Structure formats: structure tokens, C-alpha cells
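> Spelled out, the chains give:
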Amino acid sequence: MTSIIKTHDLHKCYWVGTMPHPALHGINLDIKQGEFAVLAGRSGSGKSTLLNIIGALESADSGSVEVFGQNILEMTQDQRTRFRLHNIGFVFQAYNLIRVFSARENVAYVCQLQGKSKEESLEIANHWLQEVEIEHLGYRRPDQLSGGQQQRVAIARALASDPKIILADEPTANLDTQTGRNLIHLMQDLNQRLGTTFLISSHDPDVKEAASRLIKLADGQIVDEWSTIPIPPTSIYSACPVQNMPLKERVQFKIKRLIRWHQIRKPSKKNRRRS
Amino acid sequence: MPASRHSINRMTLAVALRNLLGHLPRTLLTVGAIAVGLASLIFLWSFNEGLHQNMLGNFQRAIIGSVQIHHEGFFQQPELSGYIRNPQKVAEVLEKNGLNGFSRRLESFGLAASDETTEGVMLIGMDPITEPRVTELEKRIGIGRFLQPEDSYTLILGATTANNLRVKLGDQVIIVGYDRYGVMVAESFTLIGIITSGEMGLDRGMALTSLETLQEMVDMPGQVTTFAINLPEKRIDETVSQLKTQLQDESLEIMPWHVMFPVMKEWVTLHNGFLYLFIGVVLFIVVAGELNTLLLSMLERTREFGVFMAIGTTRQEVAALLITEALFIGILGTITGLILGLITVLVTGVTGIDLSILLGSTSRFYVDPLIYPQLELDRLGITISAILIASVAAGLYPAWRASLLQPAEAIRNG
Numbered sequence: 001m002t003s004i005i006k007t008h009d010l011h012k013c014y015w016v017g018t019m020p021h022p023a024l025h026g027i028n029l030d031i032k033q034g035e036f037a038v039l040a041g042r043s044g045s046g047k048s049t050l051l052n053i054i055g056a057l058e059s060a061d062s063g064s065v066e067v068f069g070q071n072i073l074e075m076t077q078d079q080r081t082r083f084r085l086h087n088i089g090f091v092f093q094a095y096n097l098i099r100v101f102s103a104r105e106n107v108a109y110v111c112q113l114q115g116k117s118k119e120e121s122l123e124i125a126n127h128w129l130q131e132v133e134i135e136h137l138g139y140r141r142p143d144q145l146s147g148g149q150q151q152r153v154a155i156a157r158a159l160a161s162d163p164k165i166i167l168a169d170e171p172t173a174n175l176d177t178q179t180g181r182n183l184i185h186l187m188q189d190l191n192q193r194l195g196t197t198f199l200i201s202s203h204d205p206d207v208k209e210a211a212s213r214l215i216k217l218a219d220g221q222i223v224d225e226w227s228t229i230p231i232p233p234t235s236i237y238s239a240c241p242v243q244n245m246p247l248k249e250r251v252q253f254k255i256k257r258l259i260r261w262h263q264i265r266k267p268s269k270k271n272r273r274r275s
Numbered sequence: 001m002p003a004s005r006h007s008i009n010r011m012t013l014a015v016a017l018r019n020l021l022g023h024l025p026r027t028l029l030t031v032g033a034i035a036v037g038l039a040s041l042i043f044l045w046s047f048n049e050g051l052h053q054n055m056l057g058n059f060q061r062a063i064i065g066s067v068q069i070h071h072e073g074f075f076q077q078p079e080l081s082g083y084i085r086n087p088q089k090v091a092e093v094l095e096k097n098g099l100n101g102f103s104r105r106l107e108s109f110g111l112a113a114s115d116e117t118t119e120g121v122m123l124i125g126m127d128p129i130t131e132p133r134v135t136e137l138e139k140r141i142g143i144g145r146f147l148q149p150e151d152s153y154t155l156i157l158g159a160t161t162a163n164n165l166r167v168k169l170g171d172q173v174i175i176v177g178y179d180r181y182g183v184m185v186a187e188s189f190t191l192i193g194i195i196t197s198g199e200m201g202l203d204r205g206m207a208l209t210s211l212e213t214l215q216e217m218v219d220m221p222g223q224v225t226t227f228a229i230n231l232p233e234k235r236i237d238e239t240v241s242q243l244k245t246q247l248q249d250e251s252l253e254i255m256p257w258h259v260m261f262p263v264m265k266e267w268v269t270l271h272n273g274f275l276y277l278f279i280g281v282v283l284f285i286v287v288a289g290e291l292n293t294l295l296l297s298m299l300e301r302t303r304e305f306g307v308f309m310a311i312g313t314t315r316q317e318v319a320a321l322l323i324t325e326a327l328f329i330g331i332l333g334t335i336t337g338l339i340l341g342l343i344t345v346l347v348t349g350v351t352g353i354d355l356s357i358l359l360g361s362t363s364r365f366y367v368d369p370l371i372y373p374q375l376e377l378d379r380l381g382i383t384i385s386a387i388l389i390a391s392v393a394a395g396l397y398p399a400w401r402a403s404l405l406q407p408a409e410a411i412r413n414g
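Protein sequence lines, in the order shown, are assigned to chains A and B.
For the first sequence, the residue numbers in my numbering are 1 to 275.
For the second sequence, the residue numbers in my numbering are 1 to 414.
This is chain B alone, in the form it adopts within the complex (with noise of 0.2 Å):
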């Protein structure tokens, strides 16, 4: 190629795009298809990760908390002889790495009887005042109220159990269980709140006391079985790295909630699976699309294709005008459609999507019924990039095949 051959790549761009703006239609079809792929393949990401997001952080602050730490093994054999033997030093390491969102809990099984019959529990001491900062059990009460600092037996039952054990507020309700030496013990406790969150793990079996009150019931003063921590799922890892360091001679086990539950980590996996299956098909749609349009441009064009070759336009620069249209058309199209899908997310960001009205209630898999989806910039990107890469790769075919073009045969037939 001559050294001043860059007028003539020049020409190639302004070919490019005088040859789509004069098929306006057709042009816009083909940028329209991108950019709603695109778009869609945003709003996508975006409800996705909003759902998981609002999946995931339920289900973390429903009982369970981003991290746990327990004595070693505990979390197999909850017993109470697995507590915790230095709690003042994991409250301090925590406080130290700025971890203030934790709070200490005493957990073993009981037996809930009431006057009528029995209802196995999971029985949970927590500290009203710090429990806030980690669950939002305070707010899946249903009926009744949370726990308070100056309650002294008092007791929070999901509704299930509640209505299992058929008691209601202010009934009294006998908690059989064992203390750390495995001596039966039993306390009648009073009724101030039942749990309906129609999540099967809360609603069902899950009896909560104050942390002082159990503590006293199975004589264990200021021991404790477990620390829950909340945290954001990007630190998760990075603090449970940190923290197994820090506390690696107290015999503890350091859980991430997706440790602790994996089937919902694997079913995110899962889903993002699907997720990754349908942008396939999107990006599939998206070559067809652009293919079909540059495929018909290039054999609607096969004259001028081969007039450009005998007025000494090489094959290469055929080649290169088409993947220029197909660029062309990917640029416009991805414009278009991350203007379209931001402003799509942008707004159901702020107004939710409520699924109420397709799904009915989703508390059961721990989703509210408004999910605000969010936006990942990683994400973004890479779609962003499929899109544009699927476009160029859409313009290699028709390239190809213009530039086997014969000229003769090509101002012939054409």
C-alpha cells in the first residue's frame, strides 16, 4: 500500500458511512436490533445482580449473618460444650479490623411445650441491642415485638411453631434443654413476638431469647457459641482470610455464609449459568441480525464492489469498507443501547420491579417482592464488548466474500 494511502482510508470511513446513512432504514434496523440487545443484556446484568443481591443479602440477615465463628467444629455438632473459650479476644480483633457489625450469640436445641403440645426449636440467645446490626429479625416480626435489653424471659417464635404449639402473645411457653454439662433444664419463658416472614428457616422451628437469659437458664455467664458478622459480599473472602490469621490459635472455625449454606451460592451459579446462556442467544441474534443486513448491503452492492475493484480499489480495502460498516453499525448501536439500557436501569433502579405481580410471594427464596436492579461496571464492560466484537465478527463473512469478488463477473452480474 502506497505511503499516502491514508486519504484513501479516509474515504474508506466516509464510504462506510455514506453508503449506511443512504440506507437510512435498513441502517437503523440493524443499529435498533444492537441496541436493544444491548440494552437488554444491561437491564439483565443489572435485575440479576439486583435479585442476587437482594436474595443473597436476605438471606444473610435473616439468621445467619455474612460470617460466623464458632469453636472448632460446632458448626457440625452444636453442642454447648463447643463454646467459644475466649470471646473477649475475638470481640477485640474484630473491634480492631474496624468489623463493629458483629454480635455474640448462645445457641443450642430445646424442646418448646406449651399446654397442648411440643415443637422441636433451635434455641438462640441474642443481644438485643447489638443483634440489629447484623439480622433484620426485628423487622420480620410479625406480631408482637423484638427483643429489649430489660426483658427477662421473654421469647420470639416463628409463626409456624407458634401456631404448631397453638399460643399466641402473653401465653407462656416451657423451653426444655440442656446446660453445658448436659443437665436437663427448664425455663418458662413468655410470648412477645412471632416471626412471619414466609421463609421456611425463620417461620419453623427458631426460638429467640436474650443472650443474658439463655446464658443464665443453661449457666454459662458470658459465654457464647457463635459470632455473627455482617459484612459487604465484595469483603467477605478478604476479612475470613484476615480474621483465620488473627485468630489461629484460638481454635475457632471461621465460616463465610456460602460455606456455612453452599446450595445458595451454587444456585446463584446456577442462575448466572442461565444468565450466561441467554446472552448467548442475544449475541446470536445480534450476529444474525448484522450479518443478515451487511450480507444483503454486500450482494446489493456486488457491481459497485466490482467497480471499486477496477478503478484499483484492492480486495483488502473492499474487505475493510465492509468490517468499517459493521464497526460503524456496532458503535451506533452500542451507543444507543447503553443510553437505552443505563436509562432503563437508571430508573427501575429507583422504582423497583416489583415481582409480586408476576410471581406472587417470593420470601420463601428470600427475595422482597421489589428488586432494585444494580449496575456492575465489570459486567458492563464486558457486554459492552461482546456486543462490539460480535459486530466486527458479523461484517468478517460479507468482508470475505467481497473480497473474492471477480471484477468482471461482479460489474456483470451485479
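Extracted from the complex, chain A is given alone in its bound form (with noise of 0.2 Å):
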């Protein structure tokens, strides 16, 4: 599979006064064509820090990004603001719709950006509007939506533009479980269907069970890493492929593996009674 997303050595730290807060330190990624990546940690730990510098929305105070092929740190703001309309969708967790927009328009605005006529971009409005089974909703304003039909606006618009990839940041955080369930399984068909590429910041064990790959971020930094398909060669595990280490390590790893999946699999009790 082909990177579409390759990190090198990225440094983030922010500023508050004179006292230096460390967003990220040292992250090496590499996501491929066509992942359903989830980027997983507490709060601080640097999710949305990585994803808004891999969206170019925000510029690293060190290391490289790569999308496809293309050092986005290198680019100027108007580069990066034209790149990010035709490679890249967002989904934000408090939604962010255009307010004085309908539900079709804040699709279609997207495509009308990208120079497409005002019918072509709101008949590309009215088919991702149906992709995300909300059609009959897109007179409506956001204010006149739901939490979860607002967000399902969100990745129409996000998809709108024919991304390769989107990056959804806490996508389910301001939705209820059931709503956020539909939400994920919206997301993961669409993968799979389309091929886009999805890199999802959550703390949602719903969206981390979903993940084809998971990416574990603490201070800053990826400890921990776990994929359905062949782990990228930057991971820390991938220093070491598991069929050529020694046979204790690979019991090891596989028990840590599994560990891993019970606990995304199975929501600890705290995170049942939540949802």
C-alpha cells in the first residue's frame, strides 16, 4: 500500500507566556493509502495538535510532513490553503458548519471553492447529502439539525471536495452513543466503499475498536501502536519485525497484542456505564 502521510521528527510546542508546553516530540508516522487510522490518548497528549499540523492548519516547529509527497511545512499559506482544498477533508468535533448556510450550500460551498459551477457543486451537494442518507435535509441550517445530522453535514462537506483523505477530529466527542455508533459505521463504510483515507482523532473506545490501525499518543509522543494490516515500517515495532525476533519477544509481543485488542474490544466498566 502506498503512504499518503509520512511524519518525520516532528517537534510541536507551544507557548503560553515564557513556559514552553511540549505538544509533540519526535513523531514518526506513516500512514497508508486507504487506513482507517485513529489517533488515541488522553487530552494534551497531542492528537490534535498532529492532526492539524498533518492538515497544514497549523506548522511544525520541526521535522517534516509529507503528504503525498509534498512537504506541506515547506508550503506558504495560500499553498497550504489550496492544498488542503483538494487533498484534504475535515470533520471538527464541535461540527463547524457555516451557520447562514443550508446543509446543501455548506456542501456545496466547497466544491464551489474548488472553481465548479453552482448547479454542478449542488448537485455534488445533493449526492453526498444522499451518501450520508440526509437528503431530505439539506434545506435546513445547522441550527435546525441535529448533533449527529449536522456532523453527517460535516462529512458530506468533508467529502465533498474528493479528498484522499479526511481527518476527523473527535468526531463523535458531542454526540451520544448510539448516534455516534451510526456515525462510525458511516465513516468505516465509506472507507471501505470510496478508499478514502480516514485519520481520526478520538478518545471514543467505539471509534478505537473501529480502527484498522490505532495510534497511541502520550506527551507527545506515539507509545504505542497497533494495525490489522502490516505495520508501517516507521513504527516502533516495526524496528523489529515480530517474525524476526526472538521467540520469548514474540510471546511477549502477542500477549501485549492481545491484552491491547481485549481492551479495545471490551470498554472498561467505566466506559460501559458512559455509554
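Hints in this document: simulated from the structure, not taken from any laboratory.
Bear in mind that the values here come from a model prediction, so they are computed numbers and not experimental data.
Incorrect hints may have been included.
[Said to hold, decoys possible] Short derived list, chain B residues pointing at chain A, Cβ under 7 Å:
| no. | residue |
| --- | --- |
| 1 | 19 |
| 2 | 307 |
| 3 | 312 |
[What the hints assert, rightly or not] Capping the alpha-carbon separation at 25 Å, the derived lysine to any residue pairs in SDA-like fashion look like this:
| no. | chain 1 | residue 1 | chain 2 | residue 2 |
| --- | --- | --- | --- | --- |
| 4 | A | 118 | B | 316 |
| 5 | A | 216 | B | 412 |
| 6 | B | 265 | B | 72 |
| 7 | A | 164 | B | 314 |
| 8 | A | 164 | B | 406 |
| 9 | A | 6 | B | 76 |
| 10 | A | 216 | B | 409 |
| 11 | A | 164 | B | 315 |
| 12 | B | 265 | B | 76 |
| 13 | A | 6 | B | 409 |
| 14 | A | 118 | B | 328 |
| 15 | A | 118 | B | 406 |
| 16 | A | 118 | B | 314 |
Where a beta carbon is used, it is the ideal one built from N, C-alpha and C, also for glycine.
Quick one: dock chain against chain with the hints and give me the complex.
Rendered as C-alpha cells:
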């Protein structure tokens, strides 16, 4: 599978006054085309920052981010804007739809930004609203839609520009459990049918469960990684492939992976109560 | 920008319009502020114009006219020896130029004497038929009447002079003067009218009689010292220039009112200066009000602008959005202000504005108690342009701020 996102030794530090707050510390990541990858980790672990940097919304202090082979950190603001428009779709935690537009116009707007005519853009918008099963609500304004419906519109908007990657920052955080699950199924379905790569940051156990690849971050570093597909070469385990490990380490690794799988499949009591 | 990005420009218009409609109270407040500002400016310009026209008109129609023609040096040294040598030619040239609103005068200084006292006066002999084409002296006769063609040795005095001389209508007043050779002459006149204008220049030191009488008294039959001409303000300079060319061989001085009495012109200029200052203040208030609204709107929508940028809107387009909103507000405010201002000027232009309630008597400044605002189209154009430019200028700073937003930060902190 082709790598579409590669980060190398990515560092990012925020400053509050004179106090440094490191957000990312040497992130090496390789996302393949068609993956449904989830960035997991506690609040402040650097998930959103990483997503923003990959999405060319924010700069890094050092390192490199290659998306489709282009180092986005070397781009100017306007180049990044154009790059986002044609390559990346965004889904935000707070939906972030444009409130003065109807659902259909929200989706069509991106197509118009790409230079398509109004009629063509609305046609595309109808198609994607149909894909996310809310075509009948296209005329409604965001404040006339439920959270789940708004997030579907956001997904349709993200897909309307025909991006290769969708970056979703906590897409289910503001939704109830069932709506969240429905949304995850929708994203999974789109991922499988269209081959669109999804990179999602989330706390949600359901999202983690749906992941084809789970990347755990803590204190701005990748501390753990799991995948149903071959592990990317930059991951911490790929430095020493499983089949090349000595028997003892191989067993330990498999037990660890089993435990992690178990943790992902079965949410903790605390999480179960919450859901 | 892609070639087919016109549709996004239309989208920018749509977003701007919907944003304004989405915050209707705030939009209306800003539009209202601009409208009131513009309406005030239109009214003030018009009132100012009406006031100046009234004042200058009254000043000219009081006695001096718009333009006067004398023999060279007469204005500085008004002696009868400085009479116009060829009054016939002057009259012909004036008539040839279509200037029928003129009057001949003979002017000199003299002494008015009653039984009890004397008073220095400016002695003016004027044609009772043609004088009303130039001045409105007839209207300013408070007691008695104006001169008639058949009058002989009748006199009109200013109220203050008559009061000082302690004379009343029908009394005899002796006028002592000098003829063109410097010989003293004296004649008895019957007082037929008293000017009660309230204007110091007219009420004090003015003695009017018929041209024929004065010519006879000073032994200057058919001679005049002055041609007083009435003209619309806008034609004065052009006419003076024409007359100077056509009468260049006659040793004449052709003087518009503002050359004879520059202080009045300077007063108008000073008054306009205060008005420009006031306009500046109003424009500042308009800009500050709109800037406040747009800046608030921009801060409120920081997240939205972040999202716009995240999904592919360029910084220039985000800036254009805010400038478009500013322009919309400006256009709406201008249209509303224009309507308000025009209605106010049209209504007050018919009814007039009674200044006597506020100021008491204003006749000392040649101003009627009722002022009728007059709309000047060129000033209207300047005011509208200034308001529109100010409105767009008010949008520039928020637009610039919005264009500097970093998408991630705007979404996170917005």
C-alpha cells in the first residue's frame, strides 16, 4: 500500500507567556492509503496538534510532514489553503458548519471554492448528502439539525471536494453513543467503499474499536501502535519485525497485543457505564 | 484564483448579506448610525448653503448689489470728481450682455441737519424705478414709503440717523454737501421714509434721495458715480471678467461684492471651515461605529473564519467577505441617509427653519429669521462619496485582522 502521510521527527511546542508546553516530541508516522487510522490518547497528548499539522492548519517547529509526497511545512499559507482544498477533508468535533448556509450549501460551498459552477456544486452536494443519508434535510440550516445530522453534513462537506484523506478531530465527542456508533459505521462504510483514508483523533472506545490502525499518543510521543494491516516501517515495532523477534519477545509481543485488543474490544466498566 | 471562481464571489456576497441579516439588530444599528450621519450632513450642508445664500443675498440686496462699476479709484476715494465719464457706454454694454438688473447712482458724503443737531451721512441718489431691480431697500422702509419717480427733494433716512436727528416723517432735513467742483451746497429735503432694517450699515449714516434731485443739487445733470448690478452668485466672477474686457478703455473699476467687502467672504470661508471640521467629526463617528460593529462581528466569528480557511477559502477571500459586509452596510446606510436627508431638506426647504426662536434677531448679520435649506448637488456627491469611502475604510482593519488568522488557532480559540 502507498504511503500518503509521512511525518519525520515532528516537534511542536506551544508557549504560554514564557512557559513552554511541548505538544509533539519526535513523531514519526506513516499512514497508508485506505487506512482507517485512529489517534488515541489522553487529553493533551498531542492528537489534535498532530492532526492539525498533518492537515496543514498549523505549523510544526521542526521535522517534516509529507502528504502525497509534498512537504506541507515548506508551503506558504496560500499554498496550504489550496492544498487543503484539493486533498484534505476536515470533520471537527463541534461540526463547525457555516451557520448562514443550509446543509446543501455548506457542502456545495467547497465545490464552488474548487471552481465548480453553482449547479454542479449543488448536484455534488445532493449526492453526498444522499451518501450520508440526510438528503431530505438539505434545505435546513445547521441550527435546525441535530448534532448527528450536523456531523453527517460535515462528513458530506469533507467528502465533497473529493479528498484522498479525511482528518476527523473527535468526531463523536459531542454525540450520544448510538449516534456516535452510527457515524462511525458511516465513516467505515465510506472508507471501505470509496477507499478514502481516514485519520481520526478520538477518545471514543467505539472509534478505537473500528480502527484498522490504532496509534496511541502520550505526552506528544507515539507510545503504542496496533494495526490489522502490516505495520508501517516507521512504527516502534517495525524496527524489529515480529517474525524476526526471538521467541520470548515474540510471545511477549503477542500477549501484549492480545491484551490491547481485549482492551479495545471490551471497554472498561467506567466506559461501559458512560455509554 | 481559478478562472471559474466567479461563483465564489457570488457566494461571498451571499455570505456577507446573510451575515448582516443574521445579526439584524446590530446591522440596523450601524446602518442607522451611518444614515443619521449622512442625513445630518446633507441637512447641514443644505442649511449652511441656505444660510449663506440668504446672508449674502441680503447683504448684496441691502445696498451694494452683486457688482459695482465706478470710475477708477472711486471706491477708495468717493468724491464726485470721480464720476463715470461715459455712463451711456456702460449702460449699453450692460444691456448688450443681458444684464438688465442694474441701477445708476450718484454717491457722495454729506451732512444731515435738523433743527436740533447734525449727523454725517452717505448721500445716495438712486433711480426709484431701476433701484428695486438691484436692492430691496423698498422692503426695508419701516416707516413711510420708498422714493417715487415724481418725487423731488424727498429723503429717506436710516432709523438710527433719524432718531439721532430727532426727526419724523414730513419733517424738513437740511442736507449739506459739495458739488463736483468742491463748492458747498445745501438743500432742504422732506423726510418721506425711515429704514428700520436692524442692519447697522443701513440704519445708521444712510440718506437716500432720487438720482435726479441729487444730480440737480450737485449740478451734475445726467452724471453718475456708480452702476450697481444684481447677479446670481455663480455668474459674478465670469461677468466681471467679461465686463473688464469689454470696458477696458473706460478707466473703470469693476468690483464684485467680495472684493469691496472681503470680510463677508472671509466669514463664509471661516464658517465653511467649521462645517468641514464638523463633517470630519461625523465621518469619524461613522467610521468608529462601523469599525466597532465589524470588529465585534469579526471577533464573534473567529471560529467561522477559521473553518472557512480550513476548508479552502483563501485569506484574501475572507478579507473580501468583511469588506463586502462593510460595503453593504455603507450602501444601505447611504441609501437610507440619502432618503432621510432629502426628505428633511425638501420639507424644511418649503417650511423654512425659524431661527428667531433660537437666536432672537439675526438681521444684524443680514440673515432672515426664516432660513430655507438649499441642496447643492456637487456637495451631495462629495458627502455620499465620503460616507461610502469611510464605510469601506472601516472594514479594512477587521478584514486585515481576519486575513491574519491561523485556521487551527481560530477554530480552537474562536
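> Now tell me, hint by hint, if it's right for this structure.
Each hint, compared with the structure:
Of the supplied interface hints, the one on residue 19/B holds, with its beta-carbon coming within about 6 Å of a beta-carbon of chain A, less than 7 Å. Checking residue 307/B against chain A: minimum C-beta separation of about 4 Å stays under 7 Å; hint holds. The restraint placing residue 312/B at the interface with chain A holds, with a minimum CB-CB distance near 3 Å, inside the 7 Å limit. Proposed proximity of residue 118/A and residue 316/B is supported: the alpha carbons are some 21 Å apart, at most 25 Å.
For the proposed pair residue 216/A and residue 412/B, the alpha carbon gap of about 22 Å is at most 25 Å, so the pair holds. Taking the CA atoms of residue 265/B and residue 72/B, the gap is about 23 Å. The hint holds against a cut of 25 Å. The straight-line distance between the Cα atoms of residue 164/A and residue 314/B is roughly 21 Å, inside the 25 Å bound, and the hint therefore holds. With a C-alpha separation of about 23 Å, the suggested pair residue 164/A and residue 406/B falls inside the 25 Å cut-off, and the hint holds.
For the hint linking residue 6/A to residue 76/B, the alpha-carbon distance of about 95 Å lies beyond 25 Å, and the restraint is violated. Restraint check for residue 216/A and residue 409/B: the C-alpha separation of about 24 Å stays at or below 25 Å, so the hint holds. Restraint check: the Cα-Cα separation between residue 164/A and residue 315/B comes to about 24 Å, which is no more than 25 Å; the hinted pair holds. For the suggested pair residue 265/B and residue 76/B, the alpha carbons sit about 19 Å apart, so the restraint of at most 25 Å is met.
About 23 Å separates the Cα atoms of residue 6/A and residue 409/B, which keeps this hinted pair within 25 Å; it holds. In summary, the hint linking residue 118/A to residue 328/B is supported, as the alpha carbons are separated by about 23 Å, within the 25 Å threshold. Distance restraint check for residue 118/A and residue 406/B: the Cα-Cα separation of roughly 28 Å exceeds the 25 Å cut-off, and the hinted pair is therefore not satisfied. For the suggested pair residue 118/A and residue 314/B, the alpha carbons sit about 19 Å apart, so the restraint of at most 25 Å is met.
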